[in-house]
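Participant: Residue numbers (the working numbering), protein chains in the order written: chain C, 1 to 424; chain X, 1 to 364; chain W, 1 to 514; chain D, 1 to 337.
Simulated from the structure, these hints should not be mistaken for laboratory data. Fair warning: there could be bad hints in the mix.
Stated by the list, open to error - Here are the computed lysine to any residue pairs in the SDA-like style, where the Cα-Cα straight-line distance is at most 25 angstroms:
1) C:Lys-420 <-> X:Tyr-339
2) C:Lys-195 <-> D:Pro-335
3) W:Lys-382 <-> X:Pro-178
4) W:Lys-382 <-> W:Pro-359
5) X:Lys-155 <-> C:Thr-335
6) D:Lys-150 <-> D:Gln-260
7) C:Lys-195 <-> D:Glu-152
8) D:Lys-56 <-> D:Ala-240
9) D:Lys-150 <-> D:Ala-240
10) D:Lys-105 <-> X:Pro-178
11) X:Lys-170 <-> D:Val-291
12) X:Lys-169 <-> D:Thr-126
13) X:Lys-170 <-> D:Ala-240
14) D:Lys-316 <-> D:Thr-186
15) D:Lys-105 <-> X:Glu-173
16) D:Lys-179 <-> D:Pro-335
17) X:Lys-170 <-> D:Asp-220
18) X:Lys-155 <-> C:Leu-341
19) D:Lys-54 <-> X:Thr-225
20) X:Lys-169 <-> X:Val-158
21) D:Lys-179 <-> C:Glu-383
22) W:Lys-453 <-> W:Arg-478
23) X:Lys-170 <-> D:Gly-241
24) W:Lys-207 <-> W:Asp-397
25) D:Lys-105 <-> X:Val-158
26) W:Lys-382 <-> X:Val-341
27) C:Lys-189 <-> D:Gly-241
28) X:Lys-170 <-> X:Trp-205
29) W:Lys-207 <-> W:Pro-359
30) X:Lys-210 <-> W:Glu-390
31) X:Lys-170 <-> D:Lys-316
Treat the numbers as computed from the prediction; the structure is a model and nothing was measured.
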Amino acid sequence: MSVPATATGVTHDAAPPPPRTRRRLSPWVLIAAVPGALLVLAILETITDANDLSSSGTIAATLVATTPIMLAGLGGLWSERAGVVNIGLEGMMILGTYGAGYFGYHHGAWAGVAGAIGMGVVGGLLHAVATVIFGVDHIISGVAINIIALGAVQYLASLTFVGLPGGGSTQSPKIPDVPTLTIGPLSDKLADVEKDDVFFVSQLASLLRALVTNLSSLVIISMLLLVVTWFVLWRTSFGLRLRSCGESPAAAESLGVHVLRYKFVAVLISGGLAGLAGGVLAMVASSNYRDGQTGGRGYIGLAAMIFGNWRPGGLLMGSGLFGYTETLGLRQGGTSVHALLLALAVLALALAVLQVRQGARVAAVVIAGVGVLLFVVYLVLDEVPSEFTGMTPYVITLLVLAFASQRLRMPAADGQVYRKGSAG
Amino acid sequence: MTKLLLAVSAPVLALVAAFAITSLVLAAAGDPVMDVWSQILSWPERRNLANIIDNATVLYLSGIAVAIGFRMNLFNIGVDGQYRVAAFTAAVVAGEAWLPGYLNTALAIVCAMAVGAVWAGIAGVLRATRGVSEVISTIMLNAIATAVVAYLLRKVAVRAEGSNAIGTKKIQESSQIPNIGIGDGPGQEVYGFVVIAVLVGFAYWFVLNKTRFGFDLRATGRSTTAAVASGIRITRMTVAAMLISGAVAGLVGLPILFGESFQYGSTFQSGLGFAGIAIALLGRNHPIGVAVGALLFAFLDEQSNPLQILVGVSPDIVAITQGVIVLTVVISYEIVRRYGVRLEQQAVARALTHDRAQREEVPA
Amino acid sequence: MAEGAQAEAATGSVTVRLRGIGKRFPGVIANDDINIDVRRGTIHAIVGENGAGKSTLMKILYGVQPPDSGTIEINDQQVTLHSPADAIKAGVGMVFQHFMLADNLTVLENVVLGAERLHGIGGEARAEIQRISDSYGLGIDPDRLVEELGVGARQRVEILKVLYRGAQIVILDEPTAVLVPQEVDELFGNLQELKREGLSVIFISHKLDEVLSVADEITVIRRGTTVRTVTPHEVTARQLAELMVGSELPSPSTETSTVTDELLLSVQGLGLPAPEGRPLLQDITFDIHRGEVLGIAGVEGNGQAELVETIMGMRTGATGTIRLQDRDLSPLSTRERREGGIGYIPEDRHRHGLLLDAPLWENRILGHQTREPNVRGPLIDKGAARADTERIISEYDVRTPGPDVLARALSGGNQQKLIVGREMSGDPVLLIAAHPTRGVDVGAQAAIWDHIKNARRQGLAVLLISADLDELIGLSDRIEVILRGRLVGSFDPSQVTPEQLGSAMTGAGPEVAA
Amino acid sequence: GDDSDSGSDSGGGSAGGGDETTSASSDIKVGMAYDVGGRGDQSFNDSAAAGLDKAKDEFGFDADESEATDGEAESAREERLVTFAEAGYDPIIAVGFAYAESVGKVAAQYPDTHFAIIDDSSLADTPNVASLVFAEEQGSFLVGAAAALKSEAGHIGFVGGVETPLIQKFQAGYEAGAKEVNPDITIDVTYLSQPPDFSGFGDPAKGKTAAEGMYQNGADIVYHAAGGSGGGVFEAAADAGAKAIGVDSDQYNTADPSVQDVIMTSMLKNVDVAVYNYLSEVNDGNFPTGVTTYDLKVDGVGYSTSGGQIDDIVDKLDAYKQQIIDGDITVPTEPAS
Ligand SMILES: Nc1ncnc2c1ncn2[C@@H]1O[C@H](COP(=O)(O)OP(=O)(O)OP(=O)(O)O)[C@@H](O)[C@H]1O
Ligand SMILES: Nc1ncnc2c1ncn2[C@@H]1O[C@H](COP(=O)(O)OP(=O)(O)OP(=O)(O)O)[C@@H](O)[C@H]1O
Ligand SMILES: [Mg+2]
Ligand SMILES: [Mg+2]
């Protein structure tokens, strides 16, 4: 029987002719997205009784919740751009949380960061050896790494953390904090503006305030890494070669690119980023290693990357959407999510109109139906029950993917095992 | 003959490698290597054997559910959510006892399969009509399943006096599936559901290898484009494959439900879907292979359980072994496969040169 | 011209000297004691049967695979090529048989990849590409995505890649297989240009007349060994073919017409709208009768694939009517259409014709999943399918040890014969054959032509799509030319020349009313 | 792991265990089966371990331990108990209500072995099982009252780890206590996950986000019953300059110094006391059976005063405590809504 054939990502089964235009988000869309989103939130806060949708607390927490997912997705981006599917992100992230806990506790905050990255690289190394050198199916290797990482970390924790103050077999002692950035006077000024409740202006102020108050240096570094990734992959020859390994490794090899070497490096970097994701989770989002802490965020990162069409900007939007809705659910879930229902309903109805204009009647009816349903739910309920607020991010991700027309495109050779000498 | 030898040598090689790596880890950590292995590799007692078979039954169903998707290049990460909604549904239906005796059991099983199928079908339809990757959608649906089941469980739950666990109504005795004794002592019996699992395995093999539908499914998995050209409707196959995968996923929790817990509650075994992925990969989607994988995982789990008590080593070590086995197995299979392909090409080449030699002779 | 070339060749110094090259693959000797001299400023052709070892030799010269024995000298320096990077450094450039382009990257990115040191990856590189494109008349826009380009343009991008690296020795492996005559002429024009600049060109082709017209020297390879090196004026195509295979050069020739009055396939006003831009097909109308072969000529990418896929029911959203034996096909699925008697030889056998990792007998079932002898009711009848595969293997001369071998293990020609055999099974009334002999050697080609002709004699209707104009002219009873999704001309094959067809295909020639 | 060193050498010879200890010695072997997390979880398993350690020191017991893994099969729990029973451990203590089924079955199989189970009283009638349960709602009532007394904003919060009936008991008591002091008080409630997803007990990031939301929404004191996620609640409190209430053990003593000051008090659930009491009875030769409820009356639950932040209201709290003991106040075990 065949080795299990596997695929992740989006296929074009549904629509055979791939769209011919270039599907690149213009930077203007990204730049306009922030004020646009703020405006929507301002409107929502005016007409519903939700008031936590755009508070600086929500935005700050969103940043923290988004960062590990974004970093995991960034790890996925590196490896998949080089043609290696990385379902082992979760495991590498787990290794990262341990690395942060162990090295952070013993040698200080920055050693923790390095430890997280280093442990992630170890996971990446395993994946690279298995997939790039031995040609193992990428999914199998990833699944194995997830199992091994979880077992290894639990085993290591019971060896290394038991008996330390505040440590145990399931958690590390507290890890020292990395520095945070606060611009005090500005923060206070902005707090005043935020409180004034001026339409849109307060929202803008709370956004800015979140950025100048207690912003962790790791969050800043992570966001920089996103930009660096974009630059390296799309603006340097190293990046071009790396991407060519994911698009057409045979072509790359025929031009003298050492395909396996690039794939190997990409998977190592991927592991390092996923490890850092674990590190941020352990050091910024909380302050120690904790068994089971990742809670599937590696998978979410992978989903955010696919959502973002294997591009940094899209990834940021995907992970941001997830982090934001998760944060809302955990804070004043009932009212905030209730308000979101209204936004979703309006969005769905608008989309339905768009579909009608494009002549897709069935889709329009379905989407309009969902929109009306959401609207009815909004009217009937005063608050969303607590059991459901927790699932908001998952539902929204699913809805957005289902409704946003599918124009995703994964690297052409993603997930394929490449052997040296296959050119020609 | 050589083929058989190769096929056997691959997994043996893999196990040896996995054991070696685990031993290294143990030795590095300063744990007693030999004690650990003598516990894990000791012949299990009757009741442990029963536990191994029981757990393997559950893992097997999960592995088959995942394998069905894999056969069509669909990565159903969502077995976890599917079996959860399904087991809950079965527990509620069976607990309500609308029908008498085994009719009630049958109804519950059918409902479980239907619900599992629907839950997976959502991902199938989204993929077929909207092109949403089933990888993402099933991850999301797992989380949604958790929330929905938690909500509904609280609505229908009954709580035994003095207990902190909540669960659905107990299934009456006449609807429980009797266990099969493999000895006389306590605990020496296995789930009656094991028979159903074997049937599922057989059906999986039969449908996939012997029917037109199975051919279509495998063809789609091997090449979507060739499948389309041959007249297979991919969207329909996608939905069908997800429905079937989900229906089998719906069975995953049922051996436990009808053979042991008789209710669905907050302590119901979780994470079975993810174990199923590893087992399907280990068994290379083959009905027998998956069974071997399930037995192996169940064996390791069972034998490592008393490690902490008897040897003083954390049983987490076995998770490392399991993961390593998944890797070493594929690596050794890959090596064997390459070797096999080479053998085959040699045969082709031999036939080719033979032909040519003959052709040369004619004009000459 | 041939004489001039000859004179140059005699004076040109040897830039590539291959001596005693040998290469073995498991069970196959691909190259064995190959000796070739390529001179500066010449075009050196290499010809040989499928599997003779041409591509392998070129991959060795380009550093993709190491030779097992023998030496390579470039400009009198002995070199060891560990990778294409080494070859590029030594001044060798190669255009592969199958394009080596990343579809989702731009032309610029494809060209500069691996050679970023030369001009970076930005504006300077763009200017350089533009310069090369202009000076050789390649007409390439560096910022387009490769997937938007047609075959001819892709070919030129491949050549540009080689030139960009300043190669002195250019290898072209079957560059003309997918080009129309005008494009071939353009290509040859480009090659002459290169030659004048003092470059050496190594050129592989199965089309012997092309080889004779463009090459200065020709080396024939048979079963991995160099048989002889000749100059074009020494030999005829026939003699070359005999050198290659030891048999005569076959050519398709229409015998007495077997066209009947019985209408079989009727296509009326067929259209296929595109999601954006120009429709893929527009107002296509034609009839095919029993015993008739209708040839479709066209530059690749002008709607042939879409036309075939629409008739096969693989595309949705088509307008107009398609009737097969007076039965409306539009509500029918692909499977129902196949059951209705359509045989289908797809253009890309790896993508649409085969399950490469399945045994031959399963490939026999593919596309015939609902029909005898493969199935009984809902069940697969493995025994009968195997037996019928054996029949195809012997009737169609598929070279394989048996029906249980994976399709991947067969060479392209043998894969194609299996597909032809399969599609002829089950008594089709209509055969849709897209490039049935592409990349297939002369022997296998003749066999496939014979099968098509025999079936036609027994009343089969054939829709033949081919880039090989000789094949079209030789087999068809009528030829329609397709351009930008429309049928723009109808020709009688006994009257038309490849050049006339070529100009109609490119829209240059006078249109003939259909 | 090295946590069970004491046990690993005893595995070989149970008889020899007695000679080496000079102080108290005993031929009793205790088997301890923890819930997920095990010894060192800084939470209720740890508390049980503390009780065991104390008894071991004092009475010279031999003891071995084993812990559950996440999402394990019912048979795994059962097998753990059987392994102990087969190896001659008696008594066997099961920590956590998840063991209820298993203890029921195994106790029937080994009628001569004695079992204890914590947090479950469904086996009250089984002759060889002792059920050790706690009135978490009573302890929570007192910290709820403390929160209401200390809150300046009239706005407090509760973060639950996983929404199970057990954790809802904490919530119910807390709300009742707070309302007793101030009927108009606002109480925000958030659970981090829903069963069977038990990640809410181990996700400090979520704990932090939830608590942060409450503080920014105006709450000034947050009580957590969220196991390992509680660390995040303390962090949020420290960042907000507000207060938090710990759970199970006196978390003022175990928390990191950087967040020590925010822990106003902790709700004590003295699992250690229960385990120790049980074992000391065993040492005396009695094997208790039936249900023992550890409530305010026996100081099985309570509140801590380390750090001295609630010294000023101890009187009031003790008054409530007395009222509960006297039965003047009945604390609900399920949340109001
Ligand atoms: N990587 C490989 N592994 C094994 N065998 C190979 C490999 N590449 C080529 N061969 C064998 O070497 C022989 C020569 O192949 P090659 O591709 O050089 O032929 P060719 O002359 O280019 O044929 P064509 O005209 O069809 O392109 C083939 O018969 C094939 O069996
Ligand atoms: N990379 C490879 N690895 C293993 N075997 C190969 C490889 N490439 C080619 N072969 C073998 O070489 C043989 C012929 O391949 P080749 O591609 O040269 O055939 P072909 O007739 O040129 O087909 P096509 O026209 O499709 O290129 C086959 O038996 C195939 O198994
Ligand atoms: Mg070839
Ligand atoms: Mg070739």
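Participant: Does each hint fit the structure? Answer for all of them.
Facilitator: Hints, verified against the model:
no.	hint	verdict
1	C:Lys-420 <-> X:Tyr-339	holds (17 angstroms)
2	C:Lys-195 <-> D:Pro-335	violated (34 angstroms)
3	W:Lys-382 <-> X:Pro-178	violated (39 angstroms)
4	W:Lys-382 <-> W:Pro-359	holds (12 angstroms)
5	X:Lys-155 <-> C:Thr-335	holds (22 angstroms)
6	D:Lys-150 <-> D:Gln-260	holds (17 angstroms)
7	C:Lys-195 <-> D:Glu-152	holds (21 angstroms)
8	D:Lys-56 <-> D:Ala-240	violated (42 angstroms)
9	D:Lys-150 <-> D:Ala-240	holds (16 angstroms)
10	D:Lys-105 <-> X:Pro-178	holds (17 angstroms)
11	X:Lys-170 <-> D:Val-291	holds (24 angstroms)
12	X:Lys-169 <-> D:Thr-126	holds (22 angstroms)
13	X:Lys-170 <-> D:Ala-240	violated (47 angstroms)
14	D:Lys-316 <-> D:Thr-186	holds (21 angstroms)
15	D:Lys-105 <-> X:Glu-173	holds (17 angstroms)
16	D:Lys-179 <-> D:Pro-335	holds (12 angstroms)
17	X:Lys-170 <-> D:Asp-220	violated (44 angstroms)
18	X:Lys-155 <-> C:Leu-341	holds (24 angstroms)
19	D:Lys-54 <-> X:Thr-225	violated (70 angstroms)
20	X:Lys-169 <-> X:Val-158	holds (6 angstroms)
21	D:Lys-179 <-> C:Glu-383	holds (22 angstroms)
22	W:Lys-453 <-> W:Arg-478	holds (14 angstroms)
23	X:Lys-170 <-> D:Gly-241	violated (49 angstroms)
24	W:Lys-207 <-> W:Asp-397	holds (23 angstroms)
25	D:Lys-105 <-> X:Val-158	holds (21 angstroms)
26	W:Lys-382 <-> X:Val-341	holds (23 angstroms)
27	C:Lys-189 <-> D:Gly-241	holds (20 angstroms)
28	X:Lys-170 <-> X:Trp-205	violated (35 angstroms)
29	W:Lys-207 <-> W:Pro-359	violated (33 angstroms)
30	X:Lys-210 <-> W:Glu-390	holds (20 angstroms)
31	X:Lys-170 <-> D:Lys-316	violated (45 angstroms)
Of the hints listed earlier, those the structure fails to meet are numbers 2, 3, 8, 13, 17, 19, 23, 28, 29, 31, in rising order.
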